[in-house]
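A.B. asks: Taken in order, these protein sequences are the chains called A and B.
Note that our numbering numbers the first sequence so that position 289 is 289, with each residue one more than the last.
Note that our numbering numbers the second sequence so that position 410 is 410, with each residue one more than the last.
The set of hints was computed from the structure by calculation and includes no laboratory data.
Heads up, a few of these hints could be off.
When chains are identical, the list treats them as one kind, so a pair holds in a single copy or across two.
Stated by the list, open to error - Think about it this way: if two alpha-carbon atoms lie no more than 30 Å apart in a straight line, the pair counts; the simulated DSSO-like pairs of lysine-lysine are: (1) K368 <-> K281; (2) K280 <-> K361; (3) K83 <-> K9; (4) K328 <-> K281; (5) K303 <-> K42; (6) K16 <-> K409; (7) K243 <-> K17; (8) K385 <-> K409; (9) K243 <-> K368; (10) K280 <-> K42; (11) K42 <-> K300; (12) K385 <-> K281; (13) K385 <-> K280; (14) K368 <-> K344; (15) K300 <-> K422; (16) K368 <-> K5; (17) K361 <-> K281; (18) K9 <-> K388; (19) K42 <-> K281; (20) K368 <-> K280; (21) K388 <-> K422; (22) K409 <-> K368.
Since this is a predicted model, take the numbers as computed values, not measurements.
There are 2 protein chains.
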Amino acid sequence: MTAFKNMSKEALAETKKNLQAEYDAYKAKNLSLNMARGIPSKAQLELSMGLLDSVNSSTDLTGINGADYRNYGILDGIPEAKKLFADLFNVTTDQIIVGGNSSLTLMFDTISSAMAHGLLGSTPWASLPEVKFLCPVPGYDRHFGITEYFGIQMIPVEMDENGPDMDFIENAVANDPYIKGIWCVPKYSNPAGITYSDEVVRRFANLKPAAKDFRIFWDNAYCIHHLFNDDVQLLDILEECRKAGNPNMVYMYFSTSKITFPGAGLAGMASSKENIDAIKKRMIVQSIGPDKINQLRHMKFLKNLDGLLEQMKKHADIIRPKFEVVDKTLTEGFGDSGIATWSKPNGGYFVSLNVEEGCAKRTVQLCKEAGVTLTNAGATYPYGKDPKDSNIRIAPTSPTVEELTEAMKILTVSAKLAAVEKLLG
Amino acid sequence: MTAFKNMSKEALAETKKNLQAEYDAYKAKNLSLNMARGIPSKAQLELSMGLLDSVNSSTDLTGINGADYRNYGILDGIPEAKKLFADLFNVTTDQIIVGGNSSLTLMFDTISSAMAHGLLGSTPWASLPEVKFLCPVPGYDRHFGITEYFGIQMIPVEMDENGPDMDFIENAVANDPYIKGIWCVPKYSNPAGITYSDEVVRRFANLKPAAKDFRIFWDNAYCIHHLFNDDVQLLDILEECRKAGNPNMVYMYFSTSKITFPGAGLAGMASSKENIDAIKKRMIVQSIGPDKINQLRHMKFLKNLDGLLEQMKKHADIIRPKFEVVDKTLTEGFGDSGIATWSKPNGGYFVSLNVEEGCAKRTVQLCKEAGVTLTNAGATYPYGKDPKDSNIRIAPTSPTVEELTEAMKILTVSAKLAAVEKLLG
């Protein structure tokens with residue numbers, strides 16, 4: 001296959017005819033496959049069925065500190081769960097909150113709190129003439145959804161394989177006091193699968209923001225979600241911030257949504273003690289505390305850090321072949337067409353595909369018409385607007401290998417068809 | 001015993017000497033009993049141990065609509081749980097959200113949402129020159145805590161045995177567009193145990209507020225928490241608001257915190273479909289949805305409305321004797337002293353005690369020094385300020401009958417001692 005851009009009009013027209021026939025054949029199959037979100041497969045859910053037995057009516061529900069976990073009390077998570085996540089993130093338990101079932105809710109609430117009350121005594125963001133967030137792209141649509149909901153202006157920041165453009169970020173935060181935050185998925189980023197380099201993390205920790213209440217929203221959603229044994233190491237931002245004299249500059253978020261059961265898992269955050277104490281003061285007004293029984297259920301099932309990592313290996317064994325199928329099918333499907341590039345992540349939940357500029361929306365539409373629902377084109381950019389209309393997020397975990405193979409074939413045909421349509425004008 | 005106010009100085013001095021001796025004897029026992037909050041006893045918690053077995057690894061976790069409750073999805077509660085609460089509150093399931101574990105969090109979030117975004121298109125409350133809430137007193141300290149946290153000015157409203165002073169409320173909301181809400185515990189109120197009369201509920205439903213976004217925060221925390229079989233009926237505010245042409249004026253909140261396990265239960269809200277739809281739009285940004293497995297656990301344990309009411313009878317059997325002990329001990333302890341009155345509730349979690357004016361703080365302090373921790377005096381009023389320094393909230397459910405008897409004796413002695421101290425000047 002020749003690169004499309006080197007083809008004559010005639011060759012392109014002929015290619016289009018063949019692609020259209022191929023596409024129509026897929027369409028005739030009347031498939032129905034939803035790959036819009038990064039959700040665990042049935043096989044992954046089966047890994048956690050033991051969670052449902054780990055607490056039962058014979059279980060002693062007295063915590064290590066003597067509290068009855070069936071009753072009221074404990075605002076910031078049971079000590080057992082706080083210890084697990086303190087071990088994982090190399091912090092002390094007073095730097096940890098283990099909350100409800102959704103880290104998204106914790107992030108939303110941090111922003112909501114900053115808007116209405118400010119952070120550590122700062123002016124409430126809602127009282128300022130404007131508030132801006134930096135948004136490394138492509139990024140996570142639900143992050144952008146939160147900042148958009150609160151009327152926070154979003155500024156896209158380019159990324160390369162080492163992370164976001166730190167020159168741009170350093171300059172922006174140093175000069176604009178209305179830049180109050182940045183969304184980061186620092187490990188196996190959503191969707192590009194990038195892990196920030198040590199240098200990037202150090203430069204983050206050493207930022208000199210004009211705004212004292214500038215915060216890095218460090219969504220460590222995929223911190224242990226490796227696909228391979230060669231674990232990619234992410235430098236400890238909390239430690240680096242401490243060393244740099246910026247201990248309060250980062251909020252780290254995590255959850256077990258993709259470790260045990262999404263929705264029935266644990267979510268939490270880690271930060272400086274000062275930040276965590278401030279959040280607890282709000283929680284006293286806001287909450288009766290998390291579901292301690294479900295936290296105990298998790299601790300009895302996962303046991304400790306080793307148990308947690310063991311569980312992640314089982315997940316990796318199930319989803320690794322799916323990522324391999326994606327890479328293989330895209331490699332074969334796009335051949336030498338030269339119209340697409342994609343990530344080969346070492347972990348996380350996504351593959352980031354860049355198709356011919358101006359063709360992402362059309363590709364997603366063609367896929368949908370052939371029965372494959374992908375994440376909306378543009379979703380990986382603030383306001384849903386991909387300036388190049390090129391990025392498509394592939395979420396390979398949920399379908400079976402067979403379904404995924406079929407879906408990726410449809411995707412490559414659709415992307416090629418869209419590219420040829422564009423080149424033919 | 002003569003009424004204290006009719007006693008001579010000499011008789012009072014003699015009484016004080018005797019009370020002091022009695023008090024000192026209790027103090028010497030070095031008791032330690034915390035009655036600060038309304039929390040279920042161990043015996044009540046035992047009623048729900050079956051909840052821990054109702055879902056296990058052999059359970060089919062497929063919902064009635066085919067969804068896998070182990071995975072992502074469903075924002076507003078599983079259909080089974082929505083139906084239970086729709087049945088209980090006589091509404092349709094699209095008027096119900098079953099959320100996380102805390103109705104307090106739902107209330108906090110409604111206020112937070114109104115402050116930042118307004119309600120159904122109204123001006124965000126935070127953008128107004130002032131925002132006020134009416135607060136029937138004595139009331140629930142955690143309600144007052146939320147409004148205080150958001151800088152909302154609180155206006156106390158007197159209550160009698162039929163509910164709050166509706167003449168005052170009708171006039172206030174009709175004339176002041178900055179009055180945006182009122183906190184109500186309409187059934188077995190916290191702490192007075194009052195159930196609003198039909199007339200009060202109808203007058204609420206027929207309010208003509210100057211503020212279009214005025215809302216009644218109807219915390220139905222004790223809707224089925226009867227102590228006796230003669231169930232006190234509360235008129236259906238949602239139905240009455242609909243009839244009065246004010247369908248969006250009320251948010252009702254509920255939870256199973258005092259039905260199954262506090263913290264590991266379900267919380268929810270009921271309102272007009274328009275209000276619920278608006279909240280769901282926020283939840284799309286804010287949440288990955290509630291813990292569906294815990295909702296299923298509850299449905300398998302409680303089964304249906306009959307099962308729910310059966311569970312409440314078992315609770316009543318455990319706590320009724322405690323309320324009887326409180327009444328008996330207070331009756332005996334205060335005798336004809338004439339310095340105290342208290343409620344005799346038909347349900348709920350509290351007894352409201354009014355001691356001699358100016359003596360509540362001192363009484364609570366004396367109790368604490370004798371090892372009995374009560375809710376802070378003043379807590380039942382906005383800003384913790386009881387203008388008469390008279391009201392004390394008694395939470396009888398947690399201690400055993402024996403502990404409670406001892407605590408109530410200490411309370412009566414302390415209240416009498418405080419009264420005599422005051423009368424002696």
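A.B. asks: If a hint holds in the structure, say so; if it does not, say that too.
C.D. replies: Now the hints, each set against the structure:
1. Taking CA atoms no more than 30 Å apart as the test, K368 paired with K281 passes between copies only; the shortest distance there is 25 Å, against 47 Å inside one copy.
2. For the homomeric pair K280 and K361, the shortest alpha-carbon distance between copies (28 Å) is at most 30 Å, but the shortest distance inside one copy (43 Å) is not.
3. Taking the shortest Cα distances, K83 and K9 never come within 30 Å of each other, neither inside one copy (64 Å) nor across copies (61 Å).
4. For the homomeric pair K328 and K281, neither the shortest alpha-carbon distance inside one copy (51 Å) nor that between copies (39 Å) is at most 30 Å.
5. In this homomeric assembly, K303 and K42 come within 30 Å of each other (Cα to Cα) both inside a single copy, at 23 Å, and across copies, at 27 Å.
6. Taking the shortest Cα distances, K16 and K409 sit within 30 Å of each other inside one copy (16 Å), while across copies they are farther apart (91 Å).
7. For a Cα distance limit of 30 Å, the shortest separation of K243 from K17 qualifies neither inside one copy, at 61 Å, nor across copies, at 64 Å.
8. Only within a single protomer do K385 and K409 lie at most 30 Å apart by alpha-carbon distance; the minimum there is 26 Å, versus 70 Å between protomers.
9. Taking CA atoms no more than 30 Å apart as the test, K243 paired with K368 passes in neither setting, with 49 Å inside one copy and 45 Å between copies.
10. Taking identical chains as interchangeable, the C-alpha atoms of K280 and K42 lie at most 30 Å apart only when they sit on different chains, with a minimum of 27 Å there against 36 Å within one chain.
11. Taking identical chains as interchangeable, the C-alpha atoms of K42 and K300 lie at most 30 Å apart whether they share a chain (22 Å) or sit on different chains (22 Å).
12. When the C-alpha separation of K385 and K281 is checked against a cutoff of 30 Å, the pair qualifies only between copies, where the shortest distance is 21 Å, while the shortest distance within a copy is 38 Å.
13. For the homomeric pair K385 and K280, the shortest alpha-carbon distance between copies (24 Å) is at most 30 Å, but the shortest distance inside one copy (36 Å) is not.
14. In this assembly of identical chains, K368 and K344 lie within 30 Å of each other by CA distance solely inside one copy; the values are 24 Å within and 64 Å between copies.
15. Taking the shortest alpha-carbon separations for K300 and K422, neither the intra-copy value of 56 Å nor the inter-copy value of 56 Å comes in at or below 30 Å.
16. Taking CA atoms no more than 30 Å apart as the test, K368 paired with K5 passes inside one copy only; the shortest distance there is 26 Å, against 84 Å between copies.
17. Taking the shortest alpha-carbon separations for K361 and K281, only the inter-copy value of 25 Å comes in at or below 30 Å, while the best intra-copy value is 45 Å.
18. In this homomeric assembly, K9 and K388 come within 30 Å of each other (Cα to Cα) only inside a single copy, at 24 Å, whereas the closest approach across copies is 91 Å.
19. Proximity of K42 to K281 under the C-alpha cut-off of 30 Å is restricted to the inter-copy arrangement: shortest distance 28 Å between copies versus 39 Å within a copy.
20. For the homomeric pair K368 and K280, the shortest alpha-carbon distance between copies (26 Å) is at most 30 Å, but the shortest distance inside one copy (45 Å) is not.
21. Proximity of K388 and K422 under a CA criterion of 30 Å is satisfied intra-copy only: 13 Å inside one chain copy versus 79 Å between copies.
22. Within a single copy, K409 and K368 get their C-alpha atoms as close as 13 Å, which meets the 30 Å cut-off; across copies the closest is 73 Å, which misses it.
Checked against the numbered hints above, the structure violates hints 3, 4, 7, 9, 15; every other hint is satisfied.
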